[in-house]
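**Student:** Single-letter residue listing:
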Amino acid sequence: MAITIWSGLVLGSVYALVAAGFAIAMVPTGVFNFAQGAIVIGGSFLTYQFLAVTKIPEVLAVVLTVLFGMGAGLLCELLAVRPLRWGRGTVESSAMVTTVGASTALIGLLGIKWGDLPLQVPFIGPGGYLHFLGVVAQPVQVTVVVLAVVSALALEGFFRYTRVGRVCLAVAEDRDAAMLRGVNVSFLSLAAFGLAGAFGAAAGVVIGPITYAEPALGTTLALYGFVAVALGGEGSFIGGLLGGLVVGVVASLAIRYLGASYGDIAVLALLLATLAVRPKGLGGFTKARSV
Amino acid sequence: MRRLFIALAALGVVSLLITACSSSSSSSGTSASNSSSHGTVNVLAVVDTSGPNKTIGTGQLAGIQAGAAYLNAHGGILGHTVAVTVADDNGDPTTGTTALVQDLSSNPTKYTMIYGGEEGTIVSALVPVIARYKVLAMAPNDGNDLCAKVSTCPTEFALTGSNSVIEVAEANWFKSHGYTNVGMIVEQIAFTQTEANYLKQDLAQDGIKSEIVGFPTSATSLTPEMSELKSDGAQTVYAAAFGPPQGYILNARPELSWQAPVMFEAAGSSLDIPALAPASEMKDAYETPFYCDNPSVSVPGIGMLMQYANDATYPVNGSLPCSLWGQGWDTMIALNAAAQKAGSLDTAALVKAMQETKVTTANGLIRDAADCWTSTDHENVCETPSDYAVQPVGSLVGGRLHPLASS
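The listed protein sequences correspond, in order, to chains U and G.
Our numbering applies: residue 145 is where the first sequence begins, and numbers increase by one.
Our numbering applies: residue 102 is where the second sequence begins, and numbers increase by one.
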């Protein structure tokens with residue numbers, strides 16, 4: 145049981161990190177960037193490239209990877225989201241389609257550069273195995289779980305308790321009103337996508353050693369990250385963390401005790417049941433607030 | 102709530118888009134001209150280059166293209182240049198069938214030969230189309246037994262023998278090692294599921310209990326699935342998977358404190374498995390390799406064509422991976438052998454010649470000990486389980502198999 149739960153927590157933490165990236169861009173813009181999964185895997189590929197091929201110093205590798213992610217996020221905003229604001233349609237829903245296009249393009253580029261076969265991404269940290277609470281865990285797994293928890297708490301705190309964070313929430317509440325109050329929503333959107341991209345690529349540094357670097361995983365991570373967001377609540381980092389962990393643990397338990405075919409079924413059943421009871425998800429933020 | 106509904110609706114759109122984007126049936130290639138009028142031997146490869154079987158399909162396609170390049174470098178087939186056209190079946194029988202019908206209906210004599218699908222399900226879907234248009238065809242297997250009857254496959258030939266030749270070899274290995282309970286962890290794609298079911302039947306005939314645990318292609322961990330096999334009392338694991346899942350399987354063993362031997366099925370063995378996990382996790386890991394012999398190390402097993410990869414006459418000297426390339430390559434070598442025997446590129450003459458041709462390693466160009474067919478059996482009747490040998494997982498370096506020092 146302990147091993148199954150731990151396996152689920154690790155998997156859930158991966159999804160939670162992807163969900164956090166989604167939320168960073170979503171809070172101030174309302175846009176769900178489906179390219180986030182591809183950016184995460186792009187971070188994994190670059191980590192492989194820098195550490196296993198070119199063998200540059202680890203710190204430099206992380207910095208360059210994060211910069212790549214930031215650039216990819218900015219390009220997503222500029223090419224897949226910003227032009228939508230020039231038209232009359234609903235940006236949030238249209239952007240889901242255009243960001244899927246961005247995701248497909250990025251995954252395609254990754255495949256062209258590194259091929260379709262999986263690459264083992266080196267972990268910046270110790271190897272071997274840790275034994276605790278009846279489980280055997282790799283250090284990278286512990287790192288992912290800790291990082292998912294810490295980043296969710298930090299981001300929740302940032303957006304709730306800092307001036308910039310509250311401005312983002314204000315834009316999320318009413319973009320036009322925020323503009324009238326002098327908020328530069330255009331810059332904020334760009335910054336949010338850049339930050340989300342940087343966060344996603346950084347997540348790829350630690351996710352890659354667990355999942356491998358493979359282009360197709362970009363879509364997989366995006367879909368499960370989406371489920372984590374839907375379950376946890378739109379715009380909530382703590383909710384995204386909970387959503388991811390619940391998805392991972394429920395899937396693992398279902399596979400282990402009901403059968404391998406029941407993993408996805410159990411997750412979707414839980415999602416539907418949760419949304420029926422709590423339409424905003426486990427931690428969706430309340431609309432009415434003072435900012 | 103409204104946003105959530107929009108989000109969920111968009112998810113549906115996303116899924117459809119992803120499916121649509123990855124199911125292109127358009128073909129691309131190097132030539133589409135009539136073979137006789139333009140002096141070109143046109144070969145159509147219907148393989149998966151974008152879907153769930155792309156690891157297999159692109160490997161086979163690379164072999165076909167390498168074979169074409171080799172033949173062209175040696176004067177072509179009966180003096181004709183060989184050109185390869187690709188139709189992507191996206192790992193989907195319907196897509197493959199549609200692409201083939203569209204291509205052949207406009208000009209049935211367009212191609213001298215068709216490579217009909219990368220695995221059994223696709224092959225079996227293409228068999229009726231190929232039979233209807235009476236085009237010479239070769240396929241990696243018998244389309245789930247369809248080509249055991251010449252009446253079903255009058256112009257098509259399978260590169261492998263009757264069902265389960267490889268799996269018989271694998272079952273023999275389990276039996277010879279005294280295992281009585283084999284856990285099977287199987288990726289949920291048609292190819293691996295078919296292979297696993299063949300093995301399950303073979304194991305049952307040997308009195309060995311087996312349990313299949315499937316997992317979706319989207320899995321990013323297989324520890325729960327491996328845990329299930331462990332709790333079911335499996336003594337060893339048969340893994341039918343491609344890519345990252347192979348690594349997840351190896352990683353799960355130490356996490357479960359379970360050192361059950363793992364055997365990777367033949368097609369999955371084409372990948373460089375040691376690149377997916379630390380060397381310490383390769384202990385008690387086996388594969389049924391389509392590999393090239395390493396002349397510096399004595400390794401029994403099938404004589405894959407890649408042993409000739411470093412031959413000076415080979416077009417991509419020394420840079421080939423040991424993989425499913427062999428099935429595509431063998432196709433081209435067999436076509437050339439049949440054409441030489443027939444002295445013609447006429448379909449009827451090629452079919453007759455193919456039935457009388459026995460291509461052997463004596464000419465240094467095929468992977469099996471021999472490829473041959475008869476007028477009553479269009480499966481490769483020369484293939485036997487003894488052509489395959491289960492080996493400790495080895496590293497692929499520079500196009501050659503290098504067993505790990507520890508193995």
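A portion of the hints provided could be inaccurate.
To be verified - Which residues of chain G face chain U? A partial, calculated answer using Cβ under 8 Å: (1) V251; (2) S252; (3) S328; (4) P355; (5) L372; (6) L446.
Calculated directly from the structure, the hints in this document are not laboratory data.
Everything numeric in this text was worked out from a predicted model, so none of it was measured.
Using N, Cα and C, we set each Cβ at its ideal position, and we do this for glycine too.
**Student:** Please flag the earlier hints that this structure goes against, numbers listed from lowest up.
**Tutor:** 1, 2 and 6
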